[in-house]
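> All chains should be built: construct the whole structure from the sequences, respecting the hints.
Per my numbering, the sequence shown starts with residue 332, numbered consecutively.
It is possible that some hints are incorrect.
[Claimed, not checked] Quick list of in silico lysine to any residue cross-link-like pairs, SDA-like style, CA-CA up to 25 Å:
#1 K444 <-> K600
#2 K443 <-> H395
#3 K443 <-> A468
#4 K725 <-> S691
#5 K456 <-> P714
#6 K456 <-> V569
#7 K655 <-> R687
#8 K363 <-> R381
#9 K572 <-> D521
#10 K572 <-> T598
#11 K444 <-> R609
#12 K443 <-> H585
#13 K456 <-> K655
#14 K443 <-> R426
#15 K444 <-> S573
#16 K378 <-> N349
#17 K690 <-> I711
It should be emphasised that the hints constitute simulated quantities derived from the structure, not laboratory data.
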Amino acid sequence: MHEFQDDCQNYIRMYASNLDGTFIVCGTNAYKPLCRVYYAEQENQYKVLREFHAAGVVPYDAEHNSTYVYNPETQEIFSATAADFATLDPLIYKRDMTKEEDLGLRTNRHDKKILNEPSFVASFKIEDYVYFWFREATYEQRGCGKAVYARVGRVCSHDHGHARRKDTWTSFVKAPLNCSAPGEFPHYFDELVATSESIPGSNSLSDNRLLYAVFNSPSSIIPSSAICAFSMHDVKQVFEKSEFKVQHNIGMRHLPRYPSAVLASATVKPGFCVNDSRLLSDDIVNFVNNNPLLNDAIPNAFESPLFVHLGYSGSFTQIAVDAKVRGLDGQEYDVVFVGTDNGKVLKMLNTAGDSRSVKSNLIEVINVFADGSVVTGLFIYHPKNGNRSASSGKLIVLSSKEIRLLPLFHCSEARDCWSCLKLQDPYCAWDTQAERCVGQSSWKKSKLNLLQNVRRPMPNVRACPSGSSKVAKTESLDGILQKDFVPANLEPSGGSTSGQSDGCACNDLESSPFRSSRHDPEIVKETYRSDAFAVAIPLTFLISSILGFLFGYKCRMSRLMKKKGLPTKDQLTGNVYYQNNPAVISTVKTAVNSSKAAPAVTQIGLCDTLPKLSTSSQQHSGVPLKSMSGYNTLPKSHLVKKVYV
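Listed below in C-alpha cells is the structure:
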C-alpha cells in the first residue's frame, strides 16, 4: 500500500524559465501529467497563470526514462517520453507551450521502425537540430533474435510537418553508436545508459564538441561497462553522408541504399532541414518514415573505450564531466566522474587531447552511499558568477533516497610530495613552501612554488624536494585515493585546500568529512583498463570450453550406457516412452508397491522422429502392450534408430 501511495504523488519531471519572467513546471500528477505556468509576484509568492494536460511532455510514470529540450525564445519543447499510461506509445514530440490546443509534431504511432521499446537517455540542441540519445530493441538482424542497440536520433528544430500529415515529423532519422573494445573479435557495449552534456572539444575544430557516454554489455554475456566519447563532428558526418538501411519487402534483409538510388527525384536528402517542410514531396517523406535508420555507425572518438569495468558489481550508471580543467602546464583536461550501481563515484581523467589514442587514468574512488544504493544522478555545479574554479564547483550525487553534495577534489589526503604528484589530478599541486598538497583555490598567482604531474603515470622522484622522495617511497605508494562518505558531528574546516564540503544548504552535509582508507592502486587501475579484455575474453572462452567439454562427455557416457542396455539413474525409478507426437517424450513414473496407481506423465519437450508400432511388431514382440494402452509406445526390445533434428 505504501508503494502505491508513493506512485500516486506528483513528481516534477520538467522545469523551464521563460524570458518574460514566467516559468513552467510539469509533473506526473498521480498518473495524470499536468503543466502549470507560474509568475512570481513577490518573494515566495507565485501566481498560476494557466495549466494544461501534459501527455507527451512528461511521462505518466515517474520512473520512466524521459528527456526534453526547451527553447525559452520560442517556448517550444522537444520531448522524448511515452504518451500513454502503459508506455506502449513512445514518441519524440514537439509542442508550442503557449498554445494549449496545439497538437504539435510527433513520431509515427506504434511503428517499430521508428521507435521500438526505447529507453531515452539524453537530449540537446546544436544549431538547427535536436539530438536524442537512447537505446532500443531491434529486429533488423533477422535470425539473430531480439537485441538492444544504442542510437542517436535527430530532428530539425523548425520542422513544420507535411502538407498531408501535419502532425508527423518529416526530418526524423537515427544512427547506431559504436562503443567497442577493438580486436579481431570486438567486444561491443550496446546498451547506452547515460551521457554527459555536450562539451567543447579540445582539438583544432572550432565547431567540434565532445560527448561522453556510459555503456553496458548485455547481462547474458560478460558483464562489463565502458566509457566512450563521441565527436559531434563525426555525428554530423554520419548524418550527412551515410546511406540508409532499406528493406524493399517484408522478410528481406536491410540493405544500404542512397535515397537517390531509390527515389525518382531526390532534390534534398531526407532528414535535412529545409525552408518549409510542408513543400516536400510525398516520396521523400514516405522514404524517411519507412527507412529512418542510417547504415553507418557513429564511431568512438578514440581508438578504444576510455575506461572499462568487468564484473557484476560496480557497473557504471551515471556520468558527469568537468570540462577543460587547466593544469599548471597550461593544458586543459576533462575530469570525468562516473557513478556506479554499488554507491560509488569514480574520478577519472582524460589526457588524450588532440590524439585519438586512449590516455586516461583513475584518480579517486569515493564511497558515497553506505548502503550501496545505485547512483541515479550525477551533476557538476558551478556558480553563475562565472567563477569556474575547482574550489567553487561541487559534485551533486543522487540516489533514490538521498542527495549528497561533494567537493571536486581531496588534495590534502596526499600526505607527501610523491603521493600528491602520483595522483595525476589537475586540481592538485604540491606546495614546496607549505609542504602540503593543495587545491586550485590555494594556488598563488606566481605558481613558482607549485609542483604538479598530470601526464606521467610515474612522476620523476627528483621533482620532489630532497628528503621528501624517500618518505614517499617508503610510506605512501598509493596513486589512487579512496574516500568513505561518513557523516560525523565535526565542524567543517574552512580551508578549501582539503576540498571538504562547505556552504551546503542540506542539513547533514556541512559536517560530512571524508575518511581515507588505503588500498592497492594497481588492482583498481587494472579493473578499469580497456585492454583487460585481451585477457578476460579469452579466459572466459577457455573456461566455457572446459565446462562444455565436461558436460558433453557426461552426456556421451550416458548415451553409451543406454545403447549397451545398462540401466541409467532415471530408468531405475521409471521407464521412458515415446509418444506419437515426435516433439514430446513422456516419462512414466511407476508408483512403488502400488500396481493400481495411475502413471504420472511429465512432458520434457525434445525432438525425436519415430515410426508408429505396426501390428506385426506387436504380435512378435512378446511384450504385453495392454499396460501401455493410450501411449502408442515401442517395447524395450524394439530397436529404433534416433534421428535428431
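> Run every hint past the structure and note whether it holds.
Structure-based check of each hint:
A C-alpha spacing of about 19 Å is found between K444 and K600, which places the hinted pair at or below 25 Å, so the restraint holds. The straight-line distance between the Cα atoms of K443 and H395 is roughly 19 Å, inside the 25 Å bound, and the hint therefore holds. For the hint pairing K443 with A468, the CA-to-CA distance comes to about 9 Å; that is within 25 Å, so the pair holds. The suggested pairing of K725 with S691 holds, with an alpha-carbon distance near 22 Å, which does not exceed 25 Å.
For the given pair, K456 sits about 23 Å from P714 by alpha-carbon distance, which is consistent with the 25 Å threshold. Distance hint between K456 and V569 is fulfilled; the C-alpha atoms sit about 17 Å from each other, no more than 25 Å. Between K655 and R687 the alpha-carbon distance is near 17 Å, which keeps this suggested pair within the 25 Å criterion. Between K363 and R381 the alpha-carbon distance is near 16 Å, which keeps this suggested pair within the 25 Å criterion.
The straight-line distance between the Cα atoms of K572 and D521 is roughly 23 Å, inside the 25 Å bound, and the hint therefore holds. About 15 Å separates the Cα atoms of K572 and T598, which keeps this hinted pair within 25 Å; it holds. Restraint check: the Cα-Cα separation between K444 and R609 comes to about 23 Å, which is no more than 25 Å; the hinted pair holds. Distance check on the hinted pair: K443 and H585 sit about 14 Å apart at the alpha-carbon level, within 25 Å; holds.
Taken as a hint, the K456 and K655 pair is honoured in the structure, with Cα atoms around 21 Å apart against an allowance of 25 Å. A distance of roughly 23 Å separates the Cα atoms of K443 and R426; the hinted pair therefore holds under the 25 Å criterion. Between K444 and S573 the CA atoms are separated by roughly 18 Å; this keeps the pair inside 25 Å, and the hint holds. A C-alpha spacing of about 15 Å is found between K378 and N349, which places the hinted pair at or below 25 Å, so the restraint holds.
Distance hint between K690 and I711 is fulfilled; the C-alpha atoms sit about 23 Å from each other, no more than 25 Å.
Hint violations for this structure: none, all hints satisfied.
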